[in-house]
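Student: Line by line, the protein sequences give chains G and H.
Final position of the first sequence in my numbering is 161; the numbers increase by one with none missing.
Final position of the second sequence in my numbering is 116; the numbers increase by one with none missing.
Watch out, some of these pointers could steer you wrong.
Claimed, not checked - Listed next, the in silico DSS-like pairs over lysine-lysine satisfying Cα-Cα at most 30 Å (straight line): (1) G:K96 <-> G:K121; (2) G:K96 <-> G:K122; (3) H:K25 <-> H:K115; (4) H:K25 <-> G:K27; (5) H:K115 <-> G:K121; (6) G:K67 <-> H:K113; (7) G:K96 <-> H:K25; (8) H:K113 <-> G:K122; (9) H:K113 <-> G:K96; (10) G:K122 <-> H:K115; (11) G:K96 <-> H:K115; (12) G:K96 <-> G:K27.
It is worth saying that the hints were derived from the structure and are not from the lab.
Please read all numbers here as calculations on a predicted model, not as lab measurements.
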Amino acid sequence: MYNFKKTFQPINGDKMEQQNYETIVNKHKPKENRLLNALLAFLTGGLIGAFGNFLQEAYSYFLDISKNDAAVLMLTTLIFLACLFTALGFFDSFAKVGKMGLIIPITGFAHSMQSAILDYKKEGLIYGFGANIFRLAGSVILYGVVAAYIFGIIRYAIMGG
Amino acid sequence: MTYIYSFLFTASLCLIAQIILDNTKLTPGHITSIFVVIGAFLDIFNIYDRIITRVGAGALVPITSFGHLLVHGAMQTSIPSGLMGVSMGIFSLTSSGIASAIFFSFIFALIFKPKN
Chain G
1 MYNFKKTFQP INGDKMEQQN YETIVNKHKP KENRLLNALL AFLTGGLIGA FGNFLQEAYS
61 YFLDISKNDA AVLMLTTLIF LACLFTALGF FDSFAKVGKM GLIIPITGFA HSMQSAILDY
121 KKEGLIYGFG ANIFRLAGSV ILYGVVAAYI FGIIRYAIMG G
Chain H
1 MTYIYSFLFT ASLCLIAQII LDNTKLTPGH ITSIFVVIGA FLDIFNIYDR IITRVGAGAL
61 VPITSFGHLL VHGAMQTSIP SGLMGVSMGI FSLTSSGIAS AIFFSFIFAL IFKPKN
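Please construct the entire structure, taking both the sequences and the accompanying hints into account.
Tutor: Quick look at the structure:
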């Protein structure tokens, strides 16, 4: 047993280890291909946009409702799908491929709420669900409302509503 | 034709976001917040409305439309009730998105168990 432990001690002390550490880490870091990332984000984002447009036209044609109502129904459908896939555990593997193509559409907003609420499930209904649902999506709402308040007053002053 | 415009508009926004993410230290949280503020800013002079009439529903899918709808809802109530209307109607158009996101995530969180 003692011999077994001795073989695993560093031979040249900690200095050598620290110097080598950075070069070894840099060598084994996965190189991110930025061009491929950009292309994947472009394609997935575009597909979601075209899918949203398709849903809106299909809803307004088949359900015989106005374009505005169909747009609301389309956004609700996208939110529903994002929540469902997050809860089933698929969304993270999709996001590894699609990157920001899935975060910038409304699906990212729904995903941030669903993943926050699922992560804190074991802390109970009040301190788990209630306290953490806006943990990630809160920043979008906060800065959106602050910006909309300021820009709304500016627009009211310039254009009168 | 709106399909192509929808594809290109959403895709180019996601492309810009991916380039920002890869080349700066900003996180996805920063980028979505910035995009919401940009969407609200573009609605001051009705620019985003013109984009929507040209692009179709594809312009409603990215998170920039969230900021646009916040300003737009505020403007709807500010016409009858003046400057106070800005705060009265700020959530009126986005409420369906926020409410359904809260509702679905609560229901699914009750049903499913967290992975990993």
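Student: Hints first: check each against the structure and report whether it holds.
Tutor: Status of each hint after checking the structure:
1. G:K96 <-> G:K121: holds (24 Å)
2. G:K96 <-> G:K122: Holds, because 26 Å separates the two Cα atoms, which is no more than 30 Å.
3. H:K25 <-> H:K115: holds (28 Å)
4. H:K25 <-> G:K27: holds (21 Å)
5. H:K115 <-> G:K121: holds (11 Å)
6. G:K67 <-> H:K113: Status violated; Cα separation ~37 Å.
7. G:K96 <-> H:K25: holds (19 Å)
8. H:K113 <-> G:K122: holds (10 Å)
9. H:K113 <-> G:K96: This hinted pair holds, its Cα atoms lying about 21 Å apart.
10. G:K122 <-> H:K115: holds (13 Å)
11. G:K96 <-> H:K115: holds (16 Å)
12. G:K96 <-> G:K27: holds (22 Å)
Comparing the model with each earlier hint shows a violation of hint 6 alone; every other hint is respected.
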